[in-house]
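Residues 71 to 361 (this note's numbering) are what the sequence shown spells out, left to right.
There may be inaccurate statements among the hints.
[Stated by the list, open to error] Straight-line alpha carbon distances no greater than 20 Å define the calculated EDC-like cross-link-like pairs of lysine to aspartate or glutamate that follow:
(1) Lys251 x Asp206
(2) Lys282 x Asp343
(3) Lys249 x Asp273
(4) Lys82 x Asp111
(5) Lys222 x Asp343
Honestly, the hints are just simulated from the structure, not real lab data.
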Amino acid sequence: MAGKVISVSSVKGGVGKTTTTLNLAGIYFMLKKRVLIIDADFYSGGVSLWLDIRNKKDIFMLIDEEHKYKETAAEYVGNIQPKHVLRISATPDSQGDYTERISDDEVIGAGLIATEIAINEGVSRAIQDNNSLDDDLLLLELADKKRQEIEKEYRKLGLSIKPLVLSQFPNGSEEWIEKVKNALTDMDYPEDSGLVTSWFSGDHPDNPEEIKKMDGQYAFLLFKQAIATGWDCPRAKILVKLREGGTEKFNIQTVGRIRRMPERKHYDIETIDRCYLYTLDNKFNEGLTSS
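Kindly produce the complete structure, drawing on both the sequences and the hints.
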């Protein structure tokens, strides 16, 4: 005999869906009916909690980017009740009973990240030689020169990898953004060239998949906050930091965008085994070199 299906749903949370479901199930159970409850709320279903049903299996939960999804992770842990939880983050928020820290040397040794971060290579000399020009815009020129050097080395190896320059701005810096766009135009990279794109609130790339592709069309990506976490582009090799300040966590996550090796190995060629940072933010430089 076919059973009866009763659905309880609402687009709004906290209106009593779980309570209604459990009361209906209880009534049918008292009427000697066999009842199966399926909780379709995979994010924060509460049926198991109300019925005090404990997980009897040894579930191992892995939470990547734990610093970014802390609240969601807490919901999953509370609902699923895993026996073990492994939280992974470059900037962890929480501490468990046991913490395993992977050192830079270990990750470098595995070929996963750049051998070192070259900070302001050639900046002092360039500022001395061009003291009548805007110092910050000089960073863009140096970054582009380095981008071309890296791409040339990739081509020598027969690799179709186009290095990407990330240019980071402070919040509320629309005037600075236009200034940089004009400077890039003077460097033969106008917006309509297809080589420059932006990732700001309400202003995303026309072809976002081109950012991650090893031979993607973009050479420069302008951004504020969006690239700090949860973003992967191993061809990004150069960061031009035009904004000042930022939390330690934000800065670590941002620099992490340029440290990944595109093929997860080193090439024994210094130019492409390193990553590059250009900035006049002295406080940021001091924090990076001391860490």
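Results for each hint:
| no. | hint | result |
| --- | --- | --- |
| 1 | Lys251 x Asp206 | holds (13 Å) |
| 2 | Lys282 x Asp343 | holds (19 Å) |
| 3 | Lys249 x Asp273 | holds (17 Å) |
| 4 | Lys82 x Asp111 | holds (12 Å) |
| 5 | Lys222 x Asp343 | holds (13 Å) |
Checked against the numbered hints above, the structure violates none of them.
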